[in-house]
Structure formats: C-alpha cells, structure tokens
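Asks: First to last, the protein sequences are chains R and V. Using this note's numbering, the first residue of the first sequence is number 217, and each one after it goes up by one. Using this note's numbering, the first residue of the second sequence is number 217, and each one after it goes up by one.
One or more of the hints may lead you astray.
As the list makes no split between identical chains, a pair holds if one copy fits it or if it spans any two.
Stated by the list, open to error - Cross-link-like lysine-lysine pairs, in silico, DSSO-like; alpha carbons within 27 Å at most:
id : residue 1 : residue 2
1  : K528      : K330
2  : K406      : K243
3  : K488      : K578
4  : K488      : K319
5  : K272      : K243
6  : K381      : K244
7  : K272      : K407
If you're looking for bench data, these hints aren't it; they were derived computationally from the structure.
There are 2 protein chains.
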Amino acid sequence: MIRVVQKFGGTSVADIDRIRAVAERIKKEVDHGNEVAVVVSAMSGTTNQLVDWTVKAAPLHDAREYDTVVAAGEQITAGLLALSLQNIGVDARSWLGWQLPVKTDDSHGKARIKAIEISEIESRLSAGQVAVIAGFQGVGSTNRITTLGRGGSDTSAVALSAALKADRCDIFTDVDGIYTSDPRVVSKAKKLDRITYEEMLEMASLGAKVLQTRSVELAMNHNVRVQVRSSFCEGDGTLVVNEDEIVEQEVVSGIAYSKDEAKITLVGVADKPGVAASIFGPLSEASVNVDMIVQNVSEDGKATDLTFTVDKQDVERTCSILDSNKGLLGYLRLIADPNVSKISVVGVGMRSHAGVAQRMFKALAEKGINIQVISTSEIKVSILVSEEYTELAVRALHTAYGLDTEKK
Amino acid sequence: MIRVVQKFGGTSVADIDRIRAVAERIKKEVDHGNEVAVVVSAMSGTTNQLVDWTVKAAPLHDAREYDTVVAAGEQITAGLLALSLQNIGVDARSWLGWQLPVKTDDSHGKARIKAIEISEIESRLSAGQVAVIAGFQGVGSTNRITTLGRGGSDTSAVALSAALKADRCDIFTDVDGIYTSDPRVVSKAKKLDRITYEEMLEMASLGAKVLQTRSVELAMNHNVRVQVRSSFCEGDGTLVVNEDEIVEQEVVSGIAYSKDEAKITLVGVADKPGVAASIFGPLSEASVNVDMIVQNVSEDGKATDLTFTVDKQDVERTCSILDSNKGLLGYLRLIADPNVSKISVVGVGMRSHAGVAQRMFKALAEKGINIQVISTSEIKVSILVSEEYTELAVRALHTAYGLDTEKK
Numbered sequence: 217m218i219r220v221v222q223k224f225g226g227t228s229v230a231d232i233d234r235i236r237a238v239a240e241r242i243k244k245e246v247d248h249g250n251e252v253a254v255v256v257s258a259m260s261g262t263t264n265q266l267v268d269w270t271v272k273a274a275p276l277h278d279a280r281e282y283d284t285v286v287a288a289g290e291q292i293t294a295g296l297l298a299l300s301l302q303n304i305g306v307d308a309r310s311w312l313g314w315q316l317p318v319k320t321d322d323s324h325g326k327a328r329i330k331a332i333e334i335s336e337i338e339s340r341l342s343a344g345q346v347a348v349i350a351g352f353q354g355v356g357s358t359n360r361i362t363t364l365g366r367g368g369s370d371t372s373a374v375a376l377s378a379a380l381k382a383d384r385c386d387i388f389t390d391v392d393g394i395y396t397s398d399p400r401v402v403s404k405a406k407k408l409d410r411i412t413y414e415e416m417l418e419m420a421s422l423g424a425k426v427l428q429t430r431s432v433e434l435a436m437n438h439n440v441r442v443q444v445r446s447s448f449c450e451g452d453g454t455l456v457v458n459e460d461e462i463v464e465q466e467v468v469s470g471i472a473y474s475k476d477e478a479k480i481t482l483v484g485v486a487d488k489p490g491v492a493a494s495i496f497g498p499l500s501e502a503s504v505n506v507d508m509i510v511q512n513v514s515e516d517g518k519a520t521d522l523t524f525t526v527d528k529q530d531v532e533r534t535c536s537i538l539d540s541n542k543g544l545l546g547y548l549r550l551i552a553d554p555n556v557s558k559i560s561v562v563g564v565g566m567r568s569h570a571g572v573a574q575r576m577f578k579a580l581a582e583k584g585i586n587i588q589v590i591s592t593s594e595i596k597v598s599i600l601v602s603e604e605y606t607e608l609a610v611r612a613l614h615t616a617y618g619l620d621t622e623k624k
Numbered sequence: 217m218i219r220v221v222q223k224f225g226g227t228s229v230a231d232i233d234r235i236r237a238v239a240e241r242i243k244k245e246v247d248h249g250n251e252v253a254v255v256v257s258a259m260s261g262t263t264n265q266l267v268d269w270t271v272k273a274a275p276l277h278d279a280r281e282y283d284t285v286v287a288a289g290e291q292i293t294a295g296l297l298a299l300s301l302q303n304i305g306v307d308a309r310s311w312l313g314w315q316l317p318v319k320t321d322d323s324h325g326k327a328r329i330k331a332i333e334i335s336e337i338e339s340r341l342s343a344g345q346v347a348v349i350a351g352f353q354g355v356g357s358t359n360r361i362t363t364l365g366r367g368g369s370d371t372s373a374v375a376l377s378a379a380l381k382a383d384r385c386d387i388f389t390d391v392d393g394i395y396t397s398d399p400r401v402v403s404k405a406k407k408l409d410r411i412t413y414e415e416m417l418e419m420a421s422l423g424a425k426v427l428q429t430r431s432v433e434l435a436m437n438h439n440v441r442v443q444v445r446s447s448f449c450e451g452d453g454t455l456v457v458n459e460d461e462i463v464e465q466e467v468v469s470g471i472a473y474s475k476d477e478a479k480i481t482l483v484g485v486a487d488k489p490g491v492a493a494s495i496f497g498p499l500s501e502a503s504v505n506v507d508m509i510v511q512n513v514s515e516d517g518k519a520t521d522l523t524f525t526v527d528k529q530d531v532e533r534t535c536s537i538l539d540s541n542k543g544l545l546g547y548l549r550l551i552a553d554p555n556v557s558k559i560s561v562v563g564v565g566m567r568s569h570a571g572v573a574q575r576m577f578k579a580l581a582e583k584g585i586n587i588q589v590i591s592t593s594e595i596k597v598s599i600l601v602s603e604e605y606t607e608l609a610v611r612a613l614h615t616a617y618g619l620d621t622e623k624k
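One chain only, chain R, in its complex shape (with noise of 0.2 Å):
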C-alpha cells in the first residue's frame, strides 16, 4: 500500500462526463489498496468566468473579495467530484482550503502556504476514505479565504504530497509528459521518462508551462516525486526526481523557447559604479520582471551598451520608466525589440561536459541564425534570436543534441 496525490486540472474536469472519468481513474487507484488524496481545479472556462465578473464589478478590485468569488470554482468541483466517487461506490468527501486548513499568508490573489493541517484526513485516508481537496485556495490569518495565484493547484498538490509525506504526486494535465521540446515545432520531439527538479524549472519558467516553477521548486525543496501525466490516456508520464534517482543521464535533456519577452537596448550608458542599481532599482519597484542582462565591457572605459529582456506586456511601462529616469540615468538611446525569442538548451548533465555552448552555436551558423545576445547558467545556456528563426534553430538543435527520435 502506497499514499498518492492526485491533481487533476482544468480540462480534466470540464465537465460531469470528465469528472465522471476523473472518478473512474481514482477508483483504480483505491482499488489497488491506495490510500489517495485528490487535488481538482475549478472547471475550464469557470476561473475566467469568475475573474471576468470581478473585473467588470471593480476594475480595481479588492483582492480579499477577489478570492472570495474565485474560490467558489474548485469548490464546486471539489463538490462534484466527491459525489462522483460515492456514486460509484468509493468513500470520499470534499474540503476546501478553510476546511482542512490550508493556512496561508494575508497576501490575497497570490499567498503563500505556511502550513497544513492534515490529522483529519490523515485518519480518514487510513481508513479508506478519499479526500478531495479544492486546489489553488486556502485561508489567512483572518479567516479569509485566499488564493495562490494561476496554476496554484499544482502547488496545492505538491504542498499536500510534502505534508502527507505522499508516496508519489500525479499532475495530470492535458499532455501525456514533459519532452525534450514542444512537439507542435519539433515533430521529432520525445517524452522523457525522468527529468531532474533543476531542469524541469528552467523548462518550466522558459515556457513549457506544463507545471508552475513554484510547485516545481516546492517539489526540489520537499522532495516530493512529481509525476506528470495525462488525464486522457494511460501511461506513466514523466517522473520529476532528484538528480541522484537518474542514472544514466544526458548532457542535454531539451530544447525550450519563449516568444514572451522582449528585448530592451540602452545606448551609451555611462560606465561607472551603481549604473546598474540606478537602471533596475526603478524597474523592480514597479515589479517588472527582468530577465537577461548583459552588458559588455566599454572599449573607451567611458560609456557602454547594456541589454535586458522583459516580458512583452511590461515594454511600454518600461520604456516609460527608463524614459522618465533619462536625465539621471544619462544613456544617449532606448532600443526596444519586441520580435526577439529566447531559446535554451536545458541539462544538468552540461555541468561536467565541455563544449556544450560550441555546439550550439555552431548548429545555428550551419542554419545562418545570428545570435543577439548569450546568457548561461550552469545547466542551461540561453541566446535571444530574431522571432522568425524561432522553429528553425529549436529544429536544428535539438538535432544537433542527438535529441530526435530514430523513426521506426
């Protein structure tokens, strides 16, 4: 006997027929002797639906009220799913953030889980009773309901699983597991059978949103073992484990690309001490999120050319704040890019081979692709293209990765 938690997303229960199936899936899980604890979403479209009355309620809304009206989502599902399971003839019963508790901090429409009660539960899993747990909500210090953020379930789940000292953590999604690139671009794209934490975060905040970077750290931090599987088909998925449960591993595990971010230029900053505090301190206050910054040695040691990415919807706020900072700041030009796309070659094998960033850079002069910028970490090294060429250098390295696979 073994004690799983099981997440199921928004398109997993859209709606009675798949929550239905969802409860079918469950049952065979109870049915092999496990103990399950269940996380749910609201049902697709029913987040946006709430979100939406807020907004047109209060375009400026109080997010203690926020949470209270977006809440009611996985609520509802939590509901629904547990009648599901009875109606099948497996033991279950629902509880909400408040319920169990999930205590949080005060910071509503995105808290922080600090703790979770689970005595009750605990006992009523050892006696062969389902709980099925509203994801994405808790409750703060005011008994007032709160909610962690978009894609908060996953680290409901992940949070659970650590508290329940869980055997394994299933996120079932609409994919069947994490690949070695987006399968829409690389058609030679393969599923992997394990990925490293480390690797699944740089995957994860590059753009191949298949789990929320927080649960994925929470996961690191607690080491929980995540299991990424679809809600649609069979089969095991792919498993997120520590570094050590890898055996045979590979210098690179995947291609990831974001068209998210754009590129921000200044000309001619001034090369002496604090530049960089004077240019980003405005920035962060203003939470625009920063991400590539490079900036080259000045040839003169007078002035110099600094270059970051922001995300594409911060551009024009940025422009604004480097512009109203300009007499302070003293740069001659702004160039803004918003037709740039990062691309990263993602594995924690790199830290012990050489020769990684050649590659790379050699396949993507092979294709006649210039590199605007290049970043790296110790197990990835990201570059900016121009969007065009997006498809085309992912192709060509995960090519040159030795990633495709063979045809059969």
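Since the structure of chain R is provided, determine the placement of chain V on it from the hints.
Replies: Only chain V this time, still in chain R's reference frame:
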C-alpha cells in the same frame, strides 16, 4: 440612524449590471447615515445549474456534498456585491456562512439556524462598513457547509435581523409588495401597505410565494419588521408587522389560491377510533404533506367518507401507500381528483366579525360555483372548487369582500 438588513433575491442580482444597480441602492441607504447589512442569493440560474450538476454527478447525492457545491452560488454573489460597493466608494466586506459563523444543525439541504455570531460585523457596522452576507448557508457542528433549503435566503435575512436587532428587514424581490390577490388573475387587486405576520403566513403557504413560510414564522417569533419591496422600482412596498401596528384592520385582507393540491377521498371508511391515525400515520412517515382534512358524521354510525388534500406531485405515492394498506384500513373505494383548486379568504379581522364565511358561500353561489370541501381556521376560510372555476371564484370573492380598487 437606524440599522437595516436588506435581502436581494436571485433576479435582483441576475447579472453584473443588476448587482451594480443593487450596490447603488444600498449606497442610498448608507448615505442616509444608516447601518446596513445585506443578504444575497445566488445569481438567478446559478443555483439551478449547480443543482443540475450534482444530480448528474450522483442521482442519489450525499447532502453534505450537495451543500458544498450549491453554497458556491451565494459565495460568488457576496464577493461580487462587495466589490461593486467598494467600486462606488462604499466600504464593504463579504461574509460567508462559516465566517460569521451562522451556526446551524446538521440537517444538510434543509438546515435550521441555531445561532448567528454577530460581534465582528456589529463592530464593523458601527464603523460604517456594509456587511454583505451570503444567504442560504451556514456551518454545521462538524465544520461542514450547510444550506437552509429553497428560499432560505429570506430566512437568513430575518434571522440576521433578529440577531442584529435591526430596525427593519427589507426583502427585495421582483414584485413591489403583497397584493390583496394575484394581480395576474384579479386586475383590480391592490397593494397592501401593511399585513400581519399571521395573514402573511396563510398567504405564503397558500401559494402567494413572495416570502418563504419559515422566514415569516421566524419574523413573527422575533418581532422583525419585514418590508417586501421591489428591486426594480422605488416605493415602500408592504410592511409585515404585528397586528397591533395596524390601526384600522380590514375584515378580510386578501384572497389566495393554490392549484398545487389534489383531493383524495376514501369512501366507506369504518367509523371507529384510530382510523384516522392508521390512514395518516403511513403518509406522514413517507413525508407526504396532508393539508385539508374533512370527515363527516356517519349516518349509520358504521362507515363514513374521509376527504383530504395532498400536493399534486404526491398523488401517486399517496394512492400506492393507501392501496398497500387497504386490508388494514378497510375502505371501499379510493378517489383521487387532481382537478381541484383551493381558494382562501384570509384576514385577522374575521376573528371579531361574524358572517365572513356566509358572504363567501353567497358570492360563489351567485356565480353557480359548487363548493366541494370547506375548512376553516381562526383567520381564514378555505374551500375546494373545480379547478376550471379558480379565476372566476377569486375575482368574485375579491369583489364581494370590497377589496377591488376604485377606478380612477
């Protein structure tokens, strides 16, 4: 400064535009310097959708999970109304059943309120904050959501008014008050400025379904001044109060009717002690609600006929229960007639006036309408007539008791 509880039903909060209109209406009350607590129902249609899902998920559903799903409707409205109030500059906060809490017994789906904790909202009302309370819901002894049954938001509002010692409880609905009869049937029906709790109880239980019967009982027991008003137009509506607040009491306040009952006649029932108990005992156990019961003195002292009414939807069940006990009950024949209508003349004034029933019989005789069954209480006279005569009878009685509005 007075303290007001205002309740808005499903059609009053059907969409965001109406919720915003409700917010404006509440603002007026706040601008008068009054303390305002608001009780809301689910947006019209929402409850039906949620109920429909629970039925599809599990035809024989667990009432605890049903309550969890259905209570989400009022939760959504409460949050959206709080947001709409904030948006026009009115300080407001939403409260769910478990947050106040509204403590109920554990009869899920038809729970009864045991106590409402008001200390927190009372201090906020004093500070000028509007409390927006999700109606229809509470929390049971094991921390699970309970609901009060259909129309339960009226009961929530009256119970809250009693707990808060509110000066007035406004029930906003889609009619502008209580009428002397159904205006769709009697064009000369007029709006009553005041009506007593007792009369309202008879009117409500007789099919004039503006207020849930339970809420009227509760208002009567706690002396809550209930004002029935329209959410779509201005005006004071009808005040439901104690008899002593009505100076000039009419003999008859209104003519109610109901087409929801069927007549059951048992011919040749033995005229001996315990027969009635053995007939109605099994029906009561099966939760069949019996209304009018008429038994005549038997001519020969051996057998008599017994007539009573049940809800039309219970006719089949009633007949099969009686049929299966026929040996024991020893009646000759069972006649079920669904084509009847119950018409009632209601008025607390009839306690001190003779001839009320006589005027009824005379008016119906003049129109050639046959009276099948007669039943009287202290403040009403009810009769059964053939269903086709319903409208004719109601109009004749409305005129006979001098209730018609004068033509202007």
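Asks: Taking the earlier hints as the rules, which of them does this structure contradict?
Replies: Failing hints, ascending: 1, 2, 3, 4, 7.
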